[in-house]
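Here the structure of chain B is known, so what remains is to put chain L in place on it, guided by the hints.
Residue numbers (this note's numbering), protein chains in the order written: chain B, 1 to 576; chain L, 1 to 170.
Just so you know, these hints were derived from the structure itself, not from any lab. Quick caveat: nothing in here was measured; it's all calculated off a predicted structure. Glycine included, every Cβ here is placed at the ideal spot set by N, Cα and C.
Where chain L lies over chain B, by a calculated footprint (3+ residues, C-beta under 8 Å):
#, region
1, 212-219
2, 511-525
Stretch by stretch, here's where chain L covers chain B in the computed footprint (C-beta under 8 Å, at least three residues):
#, region
3, 289-298
4, 443-452
5, 542-555
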Amino acid sequence: MTTYIERFPAEARVIRSTFFTAFIALGIGALFGLLQVLHRTDVHRLVDSADYYHILTIHGVLLALTFTIFFLAGVFTWGLTTSLDRGVVDVRFTWAWYGLMVGGTALAAIPMFGGLIDGIDMSAGVLFTFYAPLQAHPLFYLGLALFIIGTWLAGADWIWTYLAWRRENPDERIPLPTFMVLTTTLFWYLSSLGVAIAVVVFLLPWSLGLLEQVNPLLTRTLFWYFGHPVVYFWLMPTYMLWYVLLPKVAGGKLFSDPLARVVFVLFLLLSTPTGIHHQYLDPGIAEGFKFIAMTNTMFLLLPSLLTAFTVVASVEHGARQRGGTGYLGWLGALPWRDPVFTGMALAGLMFAAAGFSGMVNAGMNINYLVHNTFWIVGHFHLTVGTAVALTFMAVTYWLLPQITGKPIWSRSVGLAQVVTWFVGMTLMSNAMHRGGLSGVPRRTAEPQYENFDFTPAFGTMAELDAGVVIGGSLLFLSAVLFLGNVFVSLTGGKDLTSIPENAYAEALSGAEDGPLILDNLKLWLVIAVLLVVLTYALPIGAIIDRGGLLGPGGSPYPLVVESGRAISIGLGEVVA
Amino acid sequence: MNIHAYEKLWLAASLVLIVLFIGSVTYGAVGAGIAMVDDAEGVIDPDALDEDDRFADPRVEEVGENEYEVYVVAGQFFFDPGTFEPIEVPEHSQVTFYVTSPDVIHSFSIPGTNANTMVIPGEVASMTVEVGDPQEYGIVCNEFCGGGHHDMEGEFHVVPEDEFTLEADE
Numbered sequence: 001m002t003t004y005i006e007r008f009p010a011e012a013r014v015i016r017s018t019f020f021t022a023f024i025a026l027g028i029g030a031l032f033g034l035l036q037v038l039h040r041t042d043v044h045r046l047v048d049s050a051d052y053y054h055i056l057t058i059h060g061v062l063l064a065l066t067f068t069i070f071f072l073a074g075v076f077t078w079g080l081t082t083s084l085d086r087g088v089v090d091v092r093f094t095w096a097w098y099g100l101m102v103g104g105t106a107l108a109a110i111p112m113f114g115g116l117i118d119g120i121d122m123s124a125g126v127l128f129t130f131y132a133p134l135q136a137h138p139l140f141y142l143g144l145a146l147f148i149i150g151t152w153l154a155g156a157d158w159i160w161t162y163l164a165w166r167r168e169n170p171d172e173r174i175p176l177p178t179f180m181v182l183t184t185t186l187f188w189y190l191s192s193l194g195v196a197i198a199v200v201v202f203l204l205p206w207s208l209g210l211l212e213q214v215n216p217l218l219t220r221t222l223f224w225y226f227g228h229p230v231v232y233f234w235l236m237p238t239y240m241l242w243y244v245l246l247p248k249v250a251g252g253k254l255f256s257d258p259l260a261r262v263v264f265v266l267f268l269l270l271s272t273p274t275g276i277h278h279q280y281l282d283p284g285i286a287e288g289f290k291f292i293a294m295t296n297t298m299f300l301l302l303p304s305l306l307t308a309f310t311v312v313a314s315v316e317h318g319a320r321q322r323g324g325t326g327y328l329g330w331l332g333a334l335p336w337r338d339p340v341f342t343g344m345a346l347a348g349l350m351f352a353a354a355g356f357s358g359m360v361n362a363g364m365n366i367n368y369l370v371h372n373t374f375w376i377v378g379h380f381h382l383t384v385g386t387a388v389a390l391t392f393m394a395v396t397y398w399l400l401p402q403i404t405g406k407p408i409w410s411r412s413v414g415l416a417q418v419v420t421w422f423v424g425m426t427l428m429s430n431a432m433h434r435g436g437l438s439g440v441p442r443r444t445a446e447p448q449y450e451n452f453d454f455t456p457a458f459g460t461m462a463e464l465d466a467g468v469v470i471g472g473s474l475l476f477l478s479a480v481l482f483l484g485n486v487f488v489s490l491t492g493g494k495d496l497t498s499i500p501e502n503a504y505a506e507a508l509s510g511a512e513d514g515p516l517i518l519d520n521l522k523l524w525l526v527i528a529v530l531l532v533v534l535t536y537a538l539p540i541g542a543i544i545d546r547g548g549l550l551g552p553g554g555s556p557y558p559l560v561v562e563s564g565r566a567i568s569i570g571l572g573e574v575v576a
Numbered sequence: 001m002n003i004h005a006y007e008k009l010w011l012a013a014s015l016v017l018i019v020l021f022i023g024s025v026t027y028g029a030v031g032a033g034i035a036m037v038d039d040a041e042g043v044i045d046p047d048a049l050d051e052d053d054r055f056a057d058p059r060v061e062e063v064g065e066n067e068y069e070v071y072v073v074a075g076q077f078f079f080d081p082g083t084f085e086p087i088e089v090p091e092h093s094q095v096t097f098y099v100t101s102p103d104v105i106h107s108f109s110i111p112g113t114n115a116n117t118m119v120i121p122g123e124v125a126s127m128t129v130e131v132g133d134p135q136e137y138g139i140v141c142n143e144f145c146g147g148g149h150h151d152m153e154g155e156f157h158v159v160p161e162d163e164f165t166l167e168a169d170e
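Chain B on its own, in the form it takes in the complex:
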């Protein structure tokens, strides 16, 4: 029995750092989430409504980018080294990318928090999407660029380590976790290029005053070129954990290794040429381009549907190994008292619901009804907010002992924590979806209007508000339980004997059953690039042709950053 920290002490130290950074982001993000549900529903307004958007920016960036990406960088480093049974080539390089990601995050955080503090002449109240002509302080864009370069170096570290392994093992199949890390890395290079160009070529120079104006439709399109794929950057490590760890904690084996590879190849191919489905309602983009994005998006359902099958089949196999019988009776044989299993299983269940609301969003014409409403917020709190976040928290109860040598303080608190998250999210997401159907907008401090009311199809707005407040409060409680459990565990002593061996699930149908072409990553990358060129060359060309590379402009906002927060409220101020 060997734990991860015994086999790879140097790598374990880096992974601990990525996890702790992720957990700090989770704590702040969760607190700000609580402030938002109380503010929106007018239960308690701690800040001015104009400052709500700074809170929302921090919540979105810290949870969607910082928490997820730091955690997955740790998970990928674990999966790669474990499955190759080999350390990284040079751990100093590993520290370098970690340091760059932390530095970038810290730089971007200065104006994000600065917007909340009187007397600091910096702000970045531009939300997670930073659509121009909304303008943030240059440090925000600079920090973001450095953070992304850090993730690229992390990918280079994983590829470098894989190539070193390949030289030592010229004839072996790529182990499944490593295959998943590599396909995700290649896909991430391809998709994050869009936001890198938007930030480095346009937004940073513009915020420094080197460019007078930018083309808002162009930078927005480049954002969504990255903005949809980024959800797969969160999901693919989650899927990896469902494929390689969930069957193990369920007591069984992965159903099919080759099908898992097919799923990840499909993600590499199809994740990027879909971003325009976030722009179904944008003027200036032809309907045909939207239709192509819709078709690609629908086909992207395939890898998720295949995953649903394989994961359920693997878990059922585990249950039957544990003595479960019957058509559904095997469900009772699963280790429901284990927070690792229950957390991941509930996350998977929620992801099925998220899949259904996602199918609605992808439907180009139904999208009119839900676009930019609270429905969307309900949707992505099921995907990134539960499928990903709850899986990451559940897996922490398994991985934290591996990388620290310290057992989890309380598995019962862990179980209560994952169940609280599930209940809280059920309440909050249900209310958000239903609110969105009656037209309640997302991203607003005060969804209470003077001249009209929202009328839900059934129930009342008060009931929906209650769902959001109670659900949001339970989610905050769950985050506190999680962080508290982690903290107390860390203050405890090492006890390596009580920690299971570091391993991942074997497969019923192993890699040898899959054709070799699946491992031809160069081929898949070339096809992925071709698909992106086919889908994006014409729309981006058309946008530049219409408005120009830097036109037609619009006014930077906030206009004058004199007092730190130039907020212009008042009607009819800018009537052209």
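Positioned in the frame of chain B, the structure of chain L alone reads:
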């Protein structure tokens, strides 16, 4: 590669589902005639809306029998018309909205209906809707547009035929 029989079945059913989804969206576009907001309108200089005859004087205009065009400027943090006075159209008519922005990205959205479009500076969003019986609707901006975003609202009134008058006729 050996794939379990159940998994083959699942794969086939998934593909059928996907094709059905694409089919239903296609039907929505071709059969039911739900057009997407697109690139039909040309670009516009957001700093010179007062030189454009549609947006220099934003208004409701009658362009045919029971057909109306509404030109709206969506800016921080108002709809003109909409915020200062309600947009009024007669019942059971066909209304095309043309919306643009002088500053940042907004939306023009009528809650409880599928009248919903992004408004991007430099572009003109056009969207045609059929209105039914008289009813008073709200208008909101559902894209974050700055510190006063939550104050950006307006009204859209579908009024009885005999109560409807164009501003120009008043």
